[in-house]
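Given chain E, work out where chain Z should sit, using these hints.
Letter by letter, the chains look like this.
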Amino acid sequence: MPGITREEVAYLARLARLELKAEELDHFAGQLDDIIGAVARVSEVADQDVPPTSHPLPLTNVMRADEVRPSLTPEQALSGAPAQEQRRFKVPQILGED
Amino acid sequence: MTDSTNTTSSNVDIIKLTAAEIAAAIAAGELTAVEVTEAHLARIGAVDEKVHAFLHVDREGALAQARAVDEKRARGEKLGPLAGVPLALKDIFTTKGVPTTVGSKMLEGWIPPYDATVTARLKAADVVILGKTNMDEFAMGSSTENSAYGPTGNPWDLSRVPGGSGGGSSAALASYQAPLAIGTDTGGSIRQPASVTGTVGVKPTYGGVSRYGMVAFSSSLDQGGPCARTVLDAALLHEVIAGHDPLDSTSVDEPVPAVVEAARNGSVDGMRVGVVKQFRGEGYQAGVVQRFDESVALLKELGAEIVELDCPSFDLALSAYYLIAPSECSSNLARFDGLRYGLRIGDDGTHSAEEVTALTREAGFGDEVKRRIMLGTYALSSGYYDAYYGSAQKVRTLITRDFEKAFEQVDVIVSPTTPTTAFPIGERADDPMAMYLADLCTIPTNLAGNAAMSLPCGLAPEDNLPVGLQIIAPALKDDRLYKVGAAVEAAFVERWGHPLIEEAPSL
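From first to last, the protein sequence lines stand for chains E and Z. No gaps in the numbering here: position 79 of the first sequence is 79 in my numbering, and each next residue is one more. One gets my numbering by counting positions in the second sequence from 1 and adding 98 to each.
Just chain E, with the same shape it has in the complex:
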């Protein structure tokens, strides 16, 4: 596999919503390259006829009865919010002005 470049790290950081600093881009490029180099051996089994396991338990959708139950109050749900207004989460601007 090709080495991980600084540009690739910058792209990954955008995808991951991390505003990395310039020096972090260099630092992580080297480290991620090392780690990926070390773990790439898993692809040695890729050609084999092996089904992937995503979870140690066979998962089934667990449903409960659709009935009203006690839950957090609006005040409790908002208690950790960085900003709130009119009993709602107040978020930064999402759309442009026009």
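Relax, there's no trap hidden among the hints.
With a cut-off of at most 27 angstroms between alpha-carbon atoms, the simulated DSS-like pairs for lysine-lysine come out as follows:
no.	chain 1	residue 1	chain 2	residue 2
1	Z	Lys575	Z	Lys503
2	Z	Lys114	Z	Lys176
3	Z	Lys194	E	Lys90
4	Z	Lys398	Z	Lys503
5	Z	Lys398	Z	Lys575
6	E	Lys21	Z	Lys203
7	Z	Lys203	E	Lys90
8	Z	Lys114	Z	Lys170
9	Z	Lys575	Z	Lys375
Think of the hints as simulated: they come from the structure by calculation, not from any bench.
Only chain Z this time, still in chain E's reference frame:
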């Protein structure tokens, strides 16, 4: 019972009691829960500045819980098996009204409005929660150096790591700040700290203990479990927290194995014990291998049959883990977006929501968390998915098959818990791959979902630091860990003349 229960006035004697002894003394009226709690709070006050096992001590809450136990007893109500016993809770479990940070700046000052199921079950069992313990940020790490609030010291040598990510929980036990603790184990974060602090740690079968209210790192691997200084104490705690939880859709709906009964009837006579070829070799400290070989000889003396096993896929476990865990973490940690709880940075009217999220995550996450988010984002990205994440999941299948084949031949598997003893703080801090090797022996179990325990098996001759013996059992056979663990523990204590922890330097 040790002599110390008779001299109830001494704090030193109280803090050295096991959880079982404390519970019995409270039930018999020889000690009050308040006395026990105060003794441990005093110990925390005296030594935690050096150890830094706790991020938050809930003095008032603990004393209120203790008073409630004493009142219950005064009313003649029956007390549970751990009523009044103090406990240190890893700061990854939500606690209503008490700060929960996950060792991260992202959640600094956050006060959850609800209890995790584990927290709720502890409270219902009248266990006294002393406070929240230090941990690697979001449980990512093997040394507790990644905590945003500073590292924890290993009570055996404060310049060394107490393991991770649950280093705070294990250090609290080893320094007598609490007789019980709770940890979580994604790749070894209960067993590995237990090993390097000379304590006992159990990763139950995946799904055996509810993950509701436990901040998620890697959902298909994370498992909460008990930490203690003795096998019996771990079993008593295991029974309190385990069992089906309708709030967690991955919780196993099966009866909890009879772990306490197993811990009270330790035996390996007639058992087949597997030793895996892949759990030794390069990177293993000589003293660790020596103590492990002695443990295998002891098992044989106690009547076990030793079976050599070959599990070739275990060689790929670390690689698979460092693709799967980061992939799941990159998804799980997307919820830390600075919008609904926790930190928010850059909300000055000039930045969009997306920019605020990116600035918040940059400021709130430490290096190891960022590294894993980036790694996971890479492994899951288009073009690389099949080569990395997809292949890692195939390795997971192969490891599960190796375990299945092994457990056709043996009842349990044993190995060293960690390849080395505790390393100095800072030694591996800037070398992620070196750090990741600490979990070499613990990771296969997380990938397959089965159960495992670490217990002390001696000190490495070269550095006089604790070595852990790992016992692995098939899924849902957690009781076997305790049966074997109790037998090994009893034999070692007889051989040494005292529990290993008594050799730890006093703080």
